[in-house]
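K.L.:
Read off the chains here:
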Amino acid sequence: MSRRPPPLLPSRGASPAWLVASGVLLGFISAVVALGLALGLRLAPAVGQRLAGSATVVVSGRMDSGALESSDAAAARAREVIAGAGAVGAVRVLDPAPLDSLLADILGAPRFSGAAGPPRLLMVTWRPGGHGDLRAMVEGLRREGLAAAADDHGLWSGGIERTGVIALADAALGLFAIVAIAAALGALAAGRRAELVWERLGLLARLGGSPGPPVAAIAGAAGLCMGLALAAGAAFVVALDWASPPNLGLPPGFAAPPLPALAMASVVALAAGLAAAGAAARTARRGVRGVFE
Amino acid sequence: MTHTAEPAPAQTILRVEGVVIPPCAEPINVSVPSGSAIAVVDPRTQAGPRLLDLIASARPPRDGRIELFGRDLSKVAPAERPALRRRLGVISRDLALADELDAFDNLALAARAVGRKPREYRKPAEELLGWTGLSRVADELAGDLDEEGRRRLALARALINGPDILLALEPAGSLSGEPRTAILKLVAELHSAGMAVLLISADEALARSGAQVVRLGPALADAAGAA
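Protein chains in written order, with the numbering used here: chain A, 1 to 293; chain V, 1 to 227.
Think of the hints as simulated: they come from the structure by calculation, not from any bench.
Don't be surprised by glycine CBs; every beta carbon is placed ideally from N, CA and C.
It cannot be assumed that every hint is accurate.
Said to hold, decoys possible - Listing some non-contacts, in silico: residues in chain A with all C-beta distances to chain V over 12 Å: (1) L8; (2) V20; (3) F28; (4) L43; (5) A85; (6) P118; (7) A149; (8) L196; (9) E199; (10) L203; (11) G208.
Claimed, not checked - Ranges of calculated distance between the beta carbons of each label pair, as one might list FRET restraints: (12) A17(A) x D94(V): 23 to 29 Å; (13) R136(V) x A184(A): 41 to 47 Å; (14) R87(V) x F28(A): 39 to 45 Å; (15) V20(A) x A77(V): 44 to 50 Å; (16) A25(V) x A184(A): 37 to 43 Å; (17) E80(V) x P7(A): 26 to 32 Å; (18) A25(V) x V20(A): 39 to 45 Å; (19) D94(V) x V20(A): 25 to 31 Å; (20) L25(A) x G133(V): 42 to 48 Å; (21) A184(A) x E80(V): 43 to 49 Å; (22) S174(V) x F28(A): 34 to 40 Å; (23) D99(V) x V20(A): 47 to 53 Å.
Construct all of the structure, not just a fragment, from the sequences and the given hints.
P.N.:
In structure tokens:
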């Protein structure tokens, strides 16, 4: 009969299959959520920049002193006026077809079938790092005899930004919840494992007549492993916190609220885990000795 | 009062003198000479299991005196107790088997617990499994064995490290009929081979097993010394 010596510590039945499967599933979900969160954090500044760094100008044609200026002509003139303004990086007249179609559907085609035609939209992009005076621009256009109005996208960008913050915060909370559940499952598995190890240590002590240095060493090693596992979990949370929006150069509004709290919690968990591991090792040694003494 | 104190031979493996274990108010006196078999019958007081724990732990009693391998336990330093314990083969009430290990590995674990190498315990383990009739189930998990198999395995494991005395609490457990007889026969074989045996049981039938009997409990004082 040739076989390997039995392990001193139990190796079978430590973690039920459902626990392992749940851990794998939660790990997968948390990875997907973390990926989505990271992607959102990367994309957020680009979207914010696009919204905050541009404006839309509406120009309409008009009858002035008996002369008719079409909306297309007015838009072309406005484009030249705007292009000469300070802080403007680029200006272009948007394709009128979609707007015409939309207005016709809403208000009826006859209303815009006049001589001047429906208004035209111009997209103004500010220079990087600069932001022009939209009101002054509109006044300048009016001085040139153009009927113009402008929108700085503040109405939409504010809502989108708020939505983005809420989405990121929700994603961070979701990730935290998943990590917490995974940690709870891990604790459950560790608890079951610790119970089996504890039983085995007691059995070894009885069989060997003494806790003896090897058994005490096993107890210490088990405590150390527990501490290292806790420390690894805490390090993961710290890493998660390091990847928080402020560290990625995002505006404060995008900061996910729970992450700073997690940083504190992780440090406390790390310290508590190591202290618990030390206490567990000491208790294990005493308990195993207690089998006989 | 209770006791059976047979003439002690020159070498006494275990001597229990005046030990009081509540709720049994009477002092217990037991002497197990080398190569003898003693049955402590304790149908009422439940002091038997505590007596076994006390001896197996090699701790001195509060009252009275225990001598193990000629050494008074009250004079044995705690650091010396493990060496005494390793000379005892113990079958406890719960058997304390590692259910997730197979029969062979249960013996191997006991051998590893005292620092023995595989080459040192492999052959004795195979012989013990053969002797106890467990060779065919050597690869089966202890948790899957039936009651008789578990009792046989507990007996084999108690012997794997070559003890000088077997201490057994209810070695046949709740078995009856042929399985029970078979277990007790194995114990009798051990005795015949020269091993000292101390059986502790609530079963009066042990009085007919051929072992010298010590009865615990005042109500049975008259029967003390029956063999």
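K.L.:
Run every hint past the structure and note whether it holds.
P.N.:
To see whether the hints hold, each was checked on the structure:
1. The claim that L8(A) lies off the interface is violated: its Cβ sits roughly 6 Å from the closest Cβ of chain V, which falls inside the 12 Å cut-off.
2. Its beta-carbon lying about 17 Å from the closest one in chain V, V20(A) satisfies the requirement of being farther than 12 Å from that chain.
3. Residue-level check passed: F28(A) sits 30 Å from the nearest beta carbon of chain V, beyond 12 Å.
4. Residue-level check passed: L43(A) sits 51 Å from the nearest beta carbon of chain V, beyond 12 Å.
5. Chain V leaves A85(A) outside its interface by the beta-carbon criterion, the shortest separation being 81 Å against a cut-off of 12 Å.
6. Taking the minimum C-beta to C-beta distance to chain V, about 81 Å, the non-interface status of P118(A) holds against the 12 Å cut.
7. At roughly 79 Å from the closest C-beta of chain V, the C-beta of A149(A) stays outside 12 Å, upholding its exclusion from the interface.
8. Listed as outside the interface, L196(A) is inconsistent with that label: its C-beta sits roughly 8 Å from the nearest C-beta of chain V, within the 12 Å cut-off.
9. With a cut of 12 Å on Cβ distances, E199(A) falls inside the contact zone with chain V, its closest approach being about 9 Å.
10. At roughly 6 Å, the least C-beta separation between L203(A) and chain V is not larger than 12 Å, which violates its mark as non-interface.
11. At roughly 4 Å from the closest C-beta of chain V, the C-beta of G208(A) falls inside 12 Å, breaking its exclusion from the interface.
12. A hinted range of 23 to 29 Å holds for the C-beta pair A17(A) and D94(V), which are about 28 Å apart.
13. The hinted range of 41 to 47 Å is satisfied by R136(V) and A184(A), whose Cβ atoms lie roughly 44 Å apart.
14. Between R87(V) and F28(A) the C-beta distance comes to about 55 Å, which lies outside the given range of 39 to 45 Å.
15. A beta carbon spacing of about 47 Å between V20(A) and A77(V) agrees with the range 44 to 50 Å that was offered as a hint.
16. For A25(V) and A184(A), the hinted distance range of 37 to 43 Å is not satisfied, since their beta carbons lie about 52 Å from each other.
17. In this structure, E80(V) and P7(A) meet the distance hint of 26 to 32 Å, their C-beta atoms being roughly 30 Å apart.
18. The given range of 39 to 45 Å is broken by A25(V) and V20(A), whose C-beta atoms sit roughly 55 Å from each other.
19. Distance hint check: the CB atoms of D94(V) and V20(A) are about 30 Å apart, consistent with the given range 25 to 31 Å.
20. Roughly 47 Å separates the CB atoms of L25(A) and G133(V), a value that falls within the hinted 42 to 48 Å.
21. Between A184(A) and E80(V) the CB atoms are about 46 Å apart, so this pair conforms to the stated range of 43 to 49 Å.
22. Checked against the given bound of 34 to 40 Å, the beta carbons of S174(V) and F28(A), roughly 49 Å apart, lie outside it.
23. Checking the proposed 47 to 53 Å range against D99(V) and V20(A) shows it is violated: the Cβ atoms sit about 21 Å from each other.
Hint violations for this structure: numbers 1, 8, 9, 10, 11, 14, 16, 18, 22 and 23, all remaining hints satisfied.
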